[in-house]
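Student: Please construct the entire structure, taking both the sequences and the accompanying hints into account.
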Amino acid sequence: MSDTEKAFQINVSDADIEFLHKKLELTRFPDELDEAGWNYGAPLADVRRLVARWKDGYDWRKVEAEINAIPQFTRDIDVDGFGTLNIHYIHQKSSVATAVPLLFVHGWPGHFLEVRKMLPILTAASPDHPSFHVVALSLPGYGFSEAPKKKGFRGLQYAEVANKLMLALGYNEYVVQGGDWGYYISKLIVAEYGTKTVKAWHTNMPVAGPPSVWTHPGQFLLFLVKPFTAAERAGFGHSQTFQKKGNGYFMEQSTQPQTVGYSLADSPAGLLAWIYEKLVRCTDSYAWEDDEVLTWISVYWFSRAGPAASVRIYYEVIQDDPGALRMAKYSPIPLGLSFFPKEPVVVPRLWARTLGNVVFEAEHERGGHFAAHERPEDLAGDLRKMFGKGGPAYGVVPGKDGYVGRDARL
Amino acid sequence: MAHDERPFTISVADAELEFLQKKLALSRVPDELEGADWDYGVPLADVKRLLLRWQNGYDWRAAEAEINKIPQFTRQIEVEGFGKLDVHYVHQRSTVENAIPLLFIHGWPGHFLEVRKLLPLFTTASPDHPSFHVVALSLPGFGFSDAPTKRGFNGAKYAETCNKLMLALGYDEYVVQGGDWGSFIARILASKYGHQSVKAFHTNFPNVREPPSLWTHPRQFFAHLITPYSAAERVGLERTQWFVAQGRGYFHEQSTQPQTLGYALADSPVALLAWIYEKLVRWTDAYPWEDDEVLTWISVYWFSRSGPAASLRIYYETIAANEYSAILPTSTIPCGLSFFPKELTIPPKTWARTIGNVVYESRHQSGGHFAAHEKPEELAADIRAMFGKGGPAFGVVSGRAGYD
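In order, the protein sequences belong to chains F and D.
The first sequence lines up with residues 1 to 410 when you count with the UniProt record's numbering.
The second sequence lines up with residues 1 to 404 when you count with the UniProt record's numbering.
Careful: at least some of the hints might be erroneous.
With a cut-off of at most 20 angstroms between alpha-carbon atoms, the simulated SDA-like pairs for lysine to any residue come out as follows [as the list claims (entries may be wrong)]: (1) F:LYS244 / D:ASP285; (2) D:LYS117 / D:ASP285; (3) D:LYS22 / D:PHE303; (4) F:LYS149 / D:LYS48; (5) D:LYS48 / F:GLY306; (6) F:LYS150 / D:ASP285; (7) F:LYS151 / D:TRP38; (8) F:LYS151 / D:LYS117; (9) F:LYS22 / D:ALA286; (10) F:LYS55 / F:ASP34; (11) D:LYS84 / F:ASP34; (12) D:LYS389 / D:SER366; (13) F:LYS22 / D:ALA25; (14) D:LYS22 / F:LYS151.
Quick caveat, the hints were computed from the structure, so don't treat them as lab data.
Tutor: Encoded structure:
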């Protein structure tokens, strides 16, 4: 079997860095209304400050070198109907040979580096908690993966790439964690490959509609009588605000991704504002540092396929099925849920339980949409509890329970 | 009477033209999916072609000189709570002394030049049709008008600006024509100043998306119950549904996060071009845009006094003030409607008649959202028919019937 895996280091060309600087120099800013605050979008003072830093002071090469300390690779993955896509991924193994293979799937405007803070926690060896071998891919069209060239690359295709990647790495059985589009893709991986290759899944962004009396009669009856908790009511309010005020990007990206793509491809300030707005609104008072933001945006700016490619997933999935995100096809494989209070899409627990065989739930006091980045200890802690000894998904992957010194059937 | 009125010519600085060229030279365009055509938004081939032309061949100075043949002015208008705004406008009088004063109001992504092709049709004298003195402003935040600097400049404020402009020009009584935001503002003008300064209005954008309610429009409610939709009306409803399902991403973003979007539109000529060009094509009825025509349209936004980001705020402010969905008290002043098949919302007539005291209706076989630009003769004919001798709104403005 030919193995196209190559070790990968990010190496943005000098020309690309210079080009970015030239564009930043020529930035033309809009004005802003007095006392606009965050009411109209990303504030001018923030964007000006970030652009100025990006132009002078922010050191991409230094950041690049730090990212390159994380083991990254590329390999070719065949996708039915779409040819071969070269996929970029992190692959960090634990010292524990029988660690649990875990695939981490990001979303938009996320990327592969969202897993970064969790890597040392998940791969650490200890008798007190399980370890994981972690794979975090750049989805096709993101980071340093190729993008599909043809129309129609939908959820199942992303799921196919993810599954094939794990199999190519020798992980015939694995577990998967995802939020945002990572949630949706994980759901499809489970629906397509559950019990075969995927043994369990976890999400920090469960999306579901109310239980239907036809498909989930038990949950439906509970739904009728059980009052919402205070946390759920707060979550509802938060979700509604987001739907009312924070959904414009979704409407545009799911209908005219190419039109908005010109903005994201051509204007560093435009790309910055578009994404930074979500980084702030969708987190729980997370104390973003300027260079942290700029690294995040730079991954999009310097991405292999360009930032416009990243928004096509909205069009492809939603045009095919507007209700796709709420779709729930029950699977018996174990599912874990983590609820973070400032997640923009918060559903009542009863609804979320229709998604699958929920064996683990955790409620947190702090954190938002980018849980892996904001609350890495919490999220990694949840995974350890779910998969650790005594946990509800302990040993789901035969021979890879995550601990040293077990007889492993490889 | 002409205090504060200053003749105005557009004169973009050389430095601005050079800056635009520098930016164009540094453009970075995305790739595109195979066979994408218009499915995903503006096709790459169109953008590349327009970009190339903008850099090489398109002559802004020539376009500017042509525009400056139209008589333009600026004057200060005091808007309550917002201080003085310098408002830019076209003001072309007819040779007919008692021509009807008409205020033309553009929308987004339109601008004052949408009136251009109508000007000769409106101002020419003839015994066979009425003439008009035409005023076409750049709404605050658009074209060469100032933009408000404070929050809260909502529809009522735009209407106030419009009314004060007409009064300042000595037009104590006038009629209004508008599409897009112009239609919205016209309805507010009718509601606030109807029978006082505003004597009638006409719109080519009857933006009604619900059937009449029994409580607010009982007569229309019953008419609607018993009137079947015509084939044309059913097609219109489909077009409306398309727009609501597929065509409103811009609306959602502009009405919630105009500043976020504004950074790209201010910074990238390509972004601005694509964002607006998409509407110029999708919202018109197979109108054969010429590249230079498009580039002039976009350039007005690029070189606008307040920048393109300011133009988006009308969406936010009107939604925030809940003006968009609130039912306005309907004025009894005469109202005229023109229906063009590729308009974005095409209500059945029983719905549309809730807009006002509809005395004139006209249905066309072709034309879209930018009717004044696409179908100037047809639109002018409708307005002449509405206000001319024998028409349902003849003589609404005292002493100015539009004829010699």
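Student: Has the given pair, F:LYS151 with D:TRP38, been kept, meaning a C-alpha gap of at most 20 angstroms?
Tutor: holds (12 angstroms)
Student: Does F:ASP34 lie within 20 angstroms of F:LYS55 when you go C-alpha to C-alpha?
Tutor: Violated - the C-alpha atoms of F:ASP34 and F:LYS55 are around 26 angstroms apart, more than 20 angstroms.
Student: Given the hint that D:LYS22 pairs with F:LYS151, does the C-alpha gap stay at or below 20 angstroms?
Tutor: Distance ~34 angstroms between D:LYS22 and F:LYS151 Cα, so the pair is violated.
Student: Does the structure keep D:LYS22 and D:PHE303 at a Cα separation of 20 angstroms or less?
Tutor: holds (15 angstroms)
Student: Tell me if the straight-line CA distance from D:LYS117 to D:ASP285 falls inside 20 angstroms.
Tutor: holds (17 angstroms)
Student: Please work out if F:LYS22 and D:ALA25 have their alpha carbons no farther apart than 20 angstroms.
Tutor: Between F:LYS22 and D:ALA25 the Cα gap is close to 11 angstroms, so the pair holds against 20 angstroms.
Student: F:LYS22 and D:ALA286 were given as a pair; does the straight-line alpha-carbon distance stay at or below 20 angstroms?
Tutor: Not satisfied, since the Cα-Cα distance of roughly 39 angstroms exceeds 20 angstroms.
Student: What's the verdict on D:LYS84 and F:ASP34, does the C-alpha distance respect the 20 angstroms limit or exceed it?
Tutor: Judged against 20 angstroms, a Cα distance of about 16 angstroms means the pair holds.
Student: Would you check the hint for D:LYS48 and F:GLY306, treating anything up to 20 angstroms between C-alpha atoms as holding?
Tutor: It holds: about 17 angstroms lies between the C-alpha atoms, which stays within 20 angstroms.
Student: Hinted pair, alpha-carbon criterion (20 angstroms max): F:LYS244, D:ASP285. Please report holds or violated.
Tutor: violated (32 angstroms)
Student: When you check the alpha-carbon spacing of F:LYS150 and D:ASP285, does it fall within 20 angstroms?
Tutor: Measuring from Cα to Cα gives roughly 29 angstroms; hence the hint is violated.
Student: Does D:LYS48 sit within 20 angstroms of F:LYS149, going by the straight-line distance between their CA atoms?
Tutor: Holds. F:LYS149 to D:LYS48 sits at ~19 angstroms (cutoff 20 angstroms).
Comparing the model with each numbered hint stated earlier shows that hints 1, 6, 8, 9, 10, 12 and 14 do not hold.
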